[in-house]
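Engineer: Sequence:
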Amino acid sequence: METPGTFYIGYPSRKSEIVLYFVGDLHIGNKAVSKSKLNAIRNEILSADNHFVIGMGDYADYINFDDKRFRSQIADFTIEQAGSLGLELTRQVKEFFEPFKDRILGLCWGNHEEKYFASKQQYQLHQWLCTELGVPNFGYSALFDIAFMRPYKLRLVRPPGILNSEGKSCWTVRLFVHHGAGCAITSSGRSRTLERLMELTDADITVAAHLHGAKVESKVRLTLSGKRKDKLSEKRIFGALTGAYLRSYAEGLTTYSERKAYYPTVLGSTKIVIQPDKEDIQVIVP
1 METPGTFYIG YPSRKSEIVL YFVGDLHIGN KAVSKSKLNA IRNEILSADN HFVIGMGDYA
61 DYINFDDKRF RSQIADFTIE QAGSLGLELT RQVKEFFEPF KDRILGLCWG NHEEKYFASK
121 QQYQLHQWLC TELGVPNFGY SALFDIAFMR PYKLRLVRPP GILNSEGKSC WTVRLFVHHG
181 AGCAITSSGR SRTLERLMEL TDADITVAAH LHGAKVESKV RLTLSGKRKD KLSEKRIFGA
241 LTGAYLRSYA EGLTTYSERK AYYPTVLGST KIVIQPDKED IQVIVP
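Using the working numbering, you'd call the opening residue of the sequence shown number 1 and step up by one each time.
By construction, these hints were calculated from the structure, which means they are not laboratory data. Model, not experiment: these values are computed from the prediction. From the three backbone atoms N, C-alpha and C, an ideal C-beta is built for every residue, glycine too. Any given hint could turn out to be false.
Using 20 angstroms as the maximum straight-line C-alpha spacing, the simulated SDA-like pairs for lysine to any residue come out as follows [claimed, not checked]:
hint, residue 1, residue 2
1, Lys168, Gly10
2, Lys68, Ala118
3, Lys215, Ser165
4, Lys68, Val19
5, Lys101, Lys153
6, Lys15, Pro136
7, Lys31, Ser257
8, Lys235, Val266
9, Lys168, Thr186
10, Lys94, Pro136
11, Lys278, Phe117
12, Lys94, Tyr152
13, Lys278, Thr172
Here are the in silico distance ranges between beta carbons for each label pair [said to hold, decoys possible]:
hint, residue 1, residue 2, range
14, Thr186, Lys120, 32 to 38 angstroms
15, Val220, Ser36, 34 to 40 angstroms
16, Val273, Val220, 15 to 21 angstroms
17, Asn39, Ser218, 30 to 36 angstroms
18, Arg155, Gln73, 44 to 50 angstroms
19, Leu87, Lys35, 26 to 32 angstroms
20, Glu199, Asn39, 33 to 39 angstroms
21, Ile79, Arg155, 43 to 49 angstroms
22, Thr186, Asn39, 18 to 24 angstroms
23, Asp102, Arg192, 34 to 40 angstroms
24, Ser13, Gly83, 49 to 55 angstroms
25, Thr254, Ile185, 15 to 21 angstroms
26, Lys68, Gly5, 48 to 54 angstroms
27, Arg192, Val273, 23 to 29 angstroms
Using the sequences and the hints given, assemble the complete structure.
Structural biologist: Right under this line is the structure:
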């Protein structure tokens, strides 16, 4: 697990909203990818300065000829590209993230990266991606804080940088992001997976990918508040699964999901709208 430290997001006014996008399971290199959805989320992120991004892994399919999962019908790359598939697909991932790299808190990697990197001894590819974009490497999972601070011009400061908190309004939220695990395909199974992840840490917000199905869970915990921490109050914590960009079913293609009779993928990215001055968190699934 990565523990990158505290991120700072400065914002200008009491009415300001900050939107966090959790973008993962792009599966670039597979013909079943919804390129229209990828273009749409990229344009949405770029549409406002208060939009920030956390990468959730499985950015490319990373399935080459020597992989038992390989099917020529769905491979979206040439024989020439297959000779250096890891680098080729990672370059395409970089091109996707490049336009909003200044908005990215960090990038996780997922099970598709893990399987390919392990078999090819190419773990450095994800670090190369993070270095090229100038963002932290979140590994397979990361636990970190975001301090929202006013009044400042809207900006993201990554660790080890800091924003001076003297005389400022500051609200801190803890996040746990994990690529995801297991193979739950039912709503109840996904809920159990998400609840298990929510129990792992003391995070206010837990987000996972991998299951290609968006979901939100919320729980209430008792806590102490007030200057002397002598007031009993309630604290709400949130868990969410983010969607994907790989269609389960596509015209003229026989996908892995079709062979397994999985439910259709929820296409898109979960986003979380935060109003720091109201200490309000709203989770929006695609």
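Engineer: Are the hints correct? Go through all of them and say.
Structural biologist: Structure-based check of all given hints:
1. Lys168 <-> Gly10: holds (10 angstroms)
2. Lys68 <-> Ala118: holds (15 angstroms)
3. Lys215 <-> Ser165: violated (35 angstroms)
4. Lys68 <-> Val19: violated (39 angstroms)
5. Lys101 <-> Lys153: holds (18 angstroms)
6. Lys15 <-> Pro136: violated (29 angstroms)
7. Lys31 <-> Ser257: The hint holds at about 13 angstroms.
8. Lys235 <-> Val266: violated (29 angstroms)
9. Lys168 <-> Thr186: Violated - the C-alpha atoms of Thr186 and Lys168 are around 45 angstroms apart, more than 20 angstroms.
10. Lys94 <-> Pro136: holds (14 angstroms)
11. Lys278 <-> Phe117: violated (43 angstroms)
12. Lys94 <-> Tyr152: Outside the cut-off at roughly 30 angstroms; violated.
13. Lys278 <-> Thr172: holds (12 angstroms)
14. Thr186 <-> Lys120: 32 to 38 angstroms: Cβ of Thr186 to Cβ of Lys120: about 34 angstroms, so the range 32 to 38 angstroms holds.
15. Val220 <-> Ser36: 34 to 40 angstroms: holds (39 angstroms)
16. Val273 <-> Val220: 15 to 21 angstroms: At 20 angstroms between Cβs, range holds.
17. Asn39 <-> Ser218: 30 to 36 angstroms: The hinted range 30 to 36 angstroms holds for Asn39 and Ser218, with Cβ atoms some 31 angstroms apart.
18. Arg155 <-> Gln73: 44 to 50 angstroms: Because 46 angstroms falls inside the window, the suggested range holds.
19. Leu87 <-> Lys35: 26 to 32 angstroms: Hint violated: Cβ distance 21 angstroms, outside 26 to 32 angstroms.
20. Glu199 <-> Asn39: 33 to 39 angstroms: holds (37 angstroms)
21. Ile79 <-> Arg155: 43 to 49 angstroms: For Ile79 and Arg155 the Cβ distance comes to about 45 angstroms; the hint holds.
22. Thr186 <-> Asn39: 18 to 24 angstroms: At 31 angstroms between Cβs, range violated.
23. Asp102 <-> Arg192: 34 to 40 angstroms: Holds - the Cβ-Cβ distance for Asp102 and Arg192, about 37 angstroms, lies within 34 to 40 angstroms.
24. Ser13 <-> Gly83: 49 to 55 angstroms: This hint holds: roughly 53 angstroms between Cβ atoms.
25. Thr254 <-> Ile185: 15 to 21 angstroms: Holds: the Cβ-Cβ distance is about 18 angstroms, inside 15 to 21 angstroms.
26. Lys68 <-> Gly5: 48 to 54 angstroms: violated (40 angstroms)
27. Arg192 <-> Val273: 23 to 29 angstroms: holds (26 angstroms)
Checked against the numbered hints above, the structure violates hints 3, 4, 6, 8, 9, 11, 12, 19, 22, 26; every other hint is satisfied.
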